[in-house]
Amino acid sequence: MTTADFVKAFNEAMTHDDIDAVMKLWSPNGEWVVMATGESFKGLDKIRELATRSVAARTHGAGEGLLPFNVFTDAEGTKLIWEYVHKAVVTDKWPASTNRPAPGTMIEIPIILSCDIQDGKLTKIREYFDLLTVTEPGNHHYLYK
Amino acid sequence: MTPKEAVTKYWEAYTKHDQEGILSQLAAGYTLRSPLSGGPATKDMVAGGLKLFEKSFPDLKEEVVSIIAEGDRVVCEVLETATFTGSLDWPTGAIAPTNKSYKLPFAAFFRVDTRGLIAEQRNYWDTAAWIRQVGIDAKLFEPKG
Chain A
120 MTTADFVKAF
130 NEAMTHDDID
140 AVMKLWSPNG
150 EWVVMATGES
160 FKGLDKIREL
170 ATRSVAARTH
180 GAGEGLLPFN
190 VFTDAEGTKL
200 IWEYVHKAVV
210 TDKWPASTNR
220 PAPGTMIEIP
230 IILSCDIQDG
240 KLTKIREYFD
250 LLTVTEPGNH
260 HYLYK
Chain B
322 MTPKEAVTKY
332 WEAYTKHDQE
342 GILSQLAAGY
352 TLRSPLSGGP
362 ATKDMVAGGL
372 KLFEKSFPDL
382 KEEVVSIIAE
392 GDRVVCEVLE
402 TATFTGSLDW
412 PTGAIAPTNK
422 SYKLPFAAFF
432 RVDTRGLIAE
442 QRNYWDTAAW
452 IRQVGIDAKL
462 FEPKG
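If you read the protein sequences in the order shown, they are chains A and B. The first sequence begins at 120 in this note's numbering and counts up by one. The second sequence begins at 322 in this note's numbering and counts up by one.
FYI, nobody ran anything at the bench for these hints, they're computed from the structure. One thing to keep in mind: the hints can contain errors.
Claimed, not checked - Computed footprint of chain A on chain B; a stretch qualifies when at least three of its residues, placed anywhere within it, have a C-beta under 8 Å from a C-beta of chain A:
| id | region |
| --- | --- |
| 1 | 337-347 |
| 2 | 393-401 |
| 3 | 418-430 |
Stated by the list, open to error - Derived DEER-like restraints, expressed as beta-carbon distance ranges:
| id | chain 1 | residue 1 | chain 2 | residue 2 | range |
| --- | --- | --- | --- | --- | --- |
| 4 | B | 339 | A | 186 | 13 to 23 Å |
| 5 | A | 223 | B | 341 | 48 to 58 Å |
| 6 | A | 180 | B | 342 | 31 to 41 Å |
What the hints assert, rightly or not - Some chain B residues flagged as far from chain A (calculated, every beta-carbon gap over 10 Å):
| id | residue |
| --- | --- |
| 7 | 356 |
| 8 | 363 |
| 9 | 364 |
| 10 | 380 |
| 11 | 387 |
| 12 | 411 |
| 13 | 457 |
Glycine included, every Cβ here is placed at the ideal spot set by N, Cα and C.
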């Protein structure tokens with residue numbers, strides 16, 4: 120799988136809430152770290168827990184989902200980083216946070232995912248975003264201003 | 322100078338507190354977008370911000386954790402550390418120092434022009450994690466419409 124295919128597979132799986140497809144991309148000893156909160160999810164069971172939580176926290180309508188706009192890979196193909204905007208509508212399952220948006224709120228969050236890849240599988244994700252960027256409808260995030 | 326070298330030099334200048342060195346790496350039409358800037362920031366605005374933060378966080382250090390370059394684009398992960406020891410003259414008023422230290426992992430995208438100068442930068446960090454660690458009122462940094 121090329122890195123472009125990898126990005127496409129990940130984004131489509133997350134956009135269409137296909138957790139089994141997300142899990143197929145991971146190595147058994149993988150780790151997903153949410154840098155904003157410092158939370159670490161290590162191993163397939165914990166990663167599935169995070170993916171399930173993330174999917175339950177929002178819904179996607181037409182034109183929404185993970186919208187990538189800038190993809191980087193290293194020469195060896197072991198490091199993949201991409202920028203995207205996650206556009207979605209918040210549900211009542213959004214995890215507790217200091218800036219918890221009301222259910223029904225449209226959010227647009229700029230995110231960078233830094234991925235380590237070995238033998239075609241994800242071994243680590245570090246996810247960077249700003250919780251305070253969660254916005255109200257019609258209130259654009261900092262990349263669009 | 323390659324784009325990767327230009328960005329590495331930029332972060333080194335930050336850790337040396339070399340404000341002229343930082344600004345010399347930026348193109349005249351440089352644009353910064355970050356969670357705290359509230360909108361696109363120019364080179365002049367960055368120069369003002371550097372003076373502001375030098376007074377407030379005189380021990381600031383930037384450690385580059387990873388860096389990837391493709392053509393004129395560079396992306397890196399950085400660990401910023403500092404201590405809030407001097408008054409911060411924020412637009413909403415002066416914020417008294419708390420003498421608290423912070424560790425802020427973040428990711429940054431760069432586009433470097435043909436002269437080796439940084440033309441564009443986008444930062445991804447969690448403002449909520451930063452203000453919690455330095456111990457200041459989150460309301461001062463909430464995004465405005």
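- Message: Checking each numbered hint in turn, tell me which of them this model violates, lowest number first.
- Response: 1, 4, 6, 7 and 11
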